[in-house]
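Order-wise, the sequence lines are chains A and B.
If you're matching positions, the first sequence starts at 1 in the working numbering and goes up one per residue.
If you're matching positions, the second sequence starts at 1001 in the working numbering and goes up one per residue.
Think of the hints as simulated: they come from the structure by calculation, not from any bench.
Careful, some of the hints might be misleading.
To be verified - Pair by pair, the computed Cβ-Cβ distance ranges are: (1) B:Pro1154 - A:Thr24: 24 to 34 Å; (2) A:Leu34 - B:Ser1090: 54 to 64 Å; (3) B:Asp1439 - A:Thr3: 11 to 21 Å; (4) A:Val33 - B:Ala1089: 33 to 43 Å; (5) B:Ser1102 - A:Val33: 40 to 50 Å; (6) A:Thr3 - B:Leu1153: 49 to 59 Å; (7) A:Pro134 - B:Gly1434: 52 to 62 Å; (8) B:Thr1279 - A:Pro7: 28 to 38 Å; (9) A:Gln55 - B:Thr1279: 51 to 61 Å; (10) B:Gly1039 - A:Pro4: 37 to 47 Å.
Where a beta carbon is used, it is the ideal one built from N, C-alpha and C, also for glycine.
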Amino acid sequence: MSTPPDPWANLARLTPARIALGRTGASLPTREVLAFAHAHALARDAVKTPLELEQTLEAIEALGLAAFPVESAAPDRATYLRRPDLGRRLSEVSRGRLAGTVKGACDLAIVVADGLSSTAVHAHAAELVAALQPAIRKAGWRLAPVLVARQARVALGDEVGEALGARLVVVLVGERPGLSSPDSLGAYITLAPRVGRTDAERNCVSNIRPGGLSYVAAAFKIAWLAREALRLGLTGVALKDESDAGGRLQIGPGDPRLPQ
Amino acid sequence: MRYRTTLGGVTWTFATLAEVMAKASPLRSGDMLAGLAAGSATENVAAKMVLAGTPLRAFLDEQLVPYELCDVTRLICDRHDLRAFAPVASLTVGEFRDWLLSEAATTATLASLASGLTPEMAAAVSKLMRSQDLILAASKCRVTTRFRDTIGLPGTMAVRLQPNHPTDDAAGITASILDGLLYGCGDAVIGINPASDSLAVIGDLLRLMDGMIGRFEIPTQSCVLTHVASTLELIERGAPVDLVFQSIAGTQAANASFGVTLAMLGEALDAARSLRRGTVGENVMYFETGQGSALSAGAHHGIDQQTLEARAYGVARAFEPLLVNSVVGFIGPEYLYDGKQIIRAGLEDHFCGKLLGCPLGVDVCYTNHAEADQDDMDTLLTLLATAGVTFVMGVPGADDVMLNYQSTSFHDALYVRELLGLKRAPEFEAWLAGLKITDAQGRLAPARPGHALLQALG
């Protein structure tokens, strides 16, 4: 038995959400049950894909930036998933190597972290860093070496930023994969990073991927928040993202509002 | 030592009431992460036995989180109603479980008891209850709230229509709202989690929903789930705010990690009520909670996560909310590892919330890094529906494309209605029937091209 399409099936083009699925009685049609199971299987597999550290470092170095690997205190994926506290701190080895390598203060530190989707880092991290470069240059910010962190959570940026003496840390992290977006990257911005910062002291730009927030639009928001954070001396709940005040902007390449 | 028992020749001792509570909890990864869980199955049972023999009054004498350190403890203590507590004041926790399951505990007696119970008492008794106890006792509790419709009446279950979009796109959100309405969902609230925290964007979303609710005279309310400070600012700017949202937790320190204080919640309650936008009532707050949030913020004071979750309901009820939602599986496997732990936590949260007088809904959900799947969600949804859950989520196809997790779908709500005969809020049910979206029995009518909702927006 086939189920008829919903009369509003044409609306499905407006959103990636699973609308107008049709029904058999109260229930989903077989095709939708199977499509969902397939998407869930892909997402489950994506969580367990290891971060390709070397390729990620190379992709960032290809932008003309120094890059440096670090690891959290979580030794493997299974531990990482159960022990968020370990994912927020550097391993002893990384802490020592970082202290011995980095000299001098900087304005901005960027940390690329696998989080819950190394797929997102592989697909988007270097491209997003590239998109941020013009704004960093324009602002004249001193940039620390870009750190690529394995088995890392957002708060790892607090310890890293503190060790680097950064005024501001931006953590680009693989967000937990969704069925329709196993490759989404998030950016977390924290002023005066140090161990013990709370999430209320950060700003977030979420869902960075070609099907969500584009690299250029994300870079615009991150740079706006970074500028305001340094100007006002705060991040978090008290810093509102008004980068698009005055209405909904459609930001694209070549837009005069974008940093050159 | 006050907290001890001997089992099969072995003596088990516990230093504090907090330790008894933590070790009596059914095992979950968050308590293990915090180093609070029982070390063995036998220790878990020994703690349950000690807890069963502990007088309910002990929770008035020994505060798990110190009064001086935590405004949530102060709120709970200062508002405790000794007269309402009187009917159970002489009981131990174990005797309280027996009482809750007896014929003496009726809908009326439970309603009058709520203000006499502290969250710790509710959490304690829940630790001695099996799934069927949590379901049966919760099913006797009745909490009814109102704004533009009436939520929580006997034989009903409401649905939050959750039309999230990864970039807050107006057309995409509108499409999901229409889909949800045409599938008969949205009586609890139309509630958007915004991708952006921009006030301009959030204002646009509020106006979008206000426009649809006004144009089609939908007896429901809207909410953008953003920080309370942003909503207060938007009220100042004249945005059409129905409900004020805030995530809350069971300690002052955890609330501080959310950037929120009890005073801010009080200010928000007054500000939203001053707009007088409700037509049948003035419950204007929408809270979300979840086990593990305090530990996640390093603000748990050595207390187990289920007890702290109950304390969050102690916060919620002080602000007379329309809706309280335990987002049970959202936080991830470090707090609730798998389907079994999520199901147990969902039933506990619903029971504790209802016992304390909160209009408790549950976001029956999981993330892709948890050991859970749709079968687990079907199980929890079915159990909660039999327990009389106030509302659940309605996400298109169960796939939230903004928050990246799986919740319950419009279809899931239809399944539960078909299975158990649960109705929607009466005002909303009548609205659906008036637009011929549903038939006389409340089932979806055959879908018609050119329906009024679609034509008006076409």
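Practice prompt. Could you say whether the range 28 to 38 Å given as a hint is met by the Cβ separation of Thr1279 (chain B) and Pro7 (chain A)?
Written response: Once the Cβ atoms are compared, 31 Å apart, the range 28 to 38 Å for Pro7 (chain A) and Thr1279 (chain B) holds.
Fill in: CB-CB spacing for Pro4 (chain A) and Gly1039 (chain B) relative to the 37 to 47 Å hint
violated, 58 Å
Fill in: Range hint compliance [Cβ, Pro1154 (chain B) to Thr24 (chain A), 24 to 34 Å]
Because 30 Å falls inside the window, the suggested range holds.
Worksheet item: Should the hint that Pro134 (chain A) and Gly1434 (chain B) are 52 to 62 Å apart at their CB atoms be regarded as holding?
Response: holds, 56 Å
Discussion item. Verify the CB-CB distance for Gln55 (chain A) and Thr1279 (chain B) against the hinted window 51 to 61 Å.
Written reply: Holds: the Cβ-Cβ distance is about 59 Å, inside 51 to 61 Å.
Worksheet entry | Supplied distance hint 11 to 21 Å, evaluated on CB atoms of Asp1439 (chain B) and Thr3 (chain A) | Taking Cβ atoms as reference, Asp1439 (chain B) and Thr3 (chain A) lie about 18 Å apart, which means the hint holds.
Worksheet item: Within 40 to 50 Å or not, the Cβ separation of Ser1102 (chain B) and Val33 (chain A)?
Response: holds, 43 Å
Worksheet item: How does the Cβ-Cβ distance of Leu34 (chain A) and Ser1090 (chain B) compare with 54 to 64 Å: does it lie in that range?
Response: At 58 Å between Cβs, range holds.
Practice prompt. Mind checking the hinted window 33 to 43 Å against the Cβ distance between Val33 (chain A) and Ala1089 (chain B)?
Written response: Cβ of Val33 (chain A) to Cβ of Ala1089 (chain B): about 52 Å, so the range 33 to 43 Å is violated.
Practice prompt. Kindly confirm whether 49 to 59 Å is satisfied by the beta carbon distance between Thr3 (chain A) and Leu1153 (chain B).
Written response: violated, 33 Å
Comparing the model with each earlier hint shows violations of hints 4, 6 and 10; every other hint is respected.
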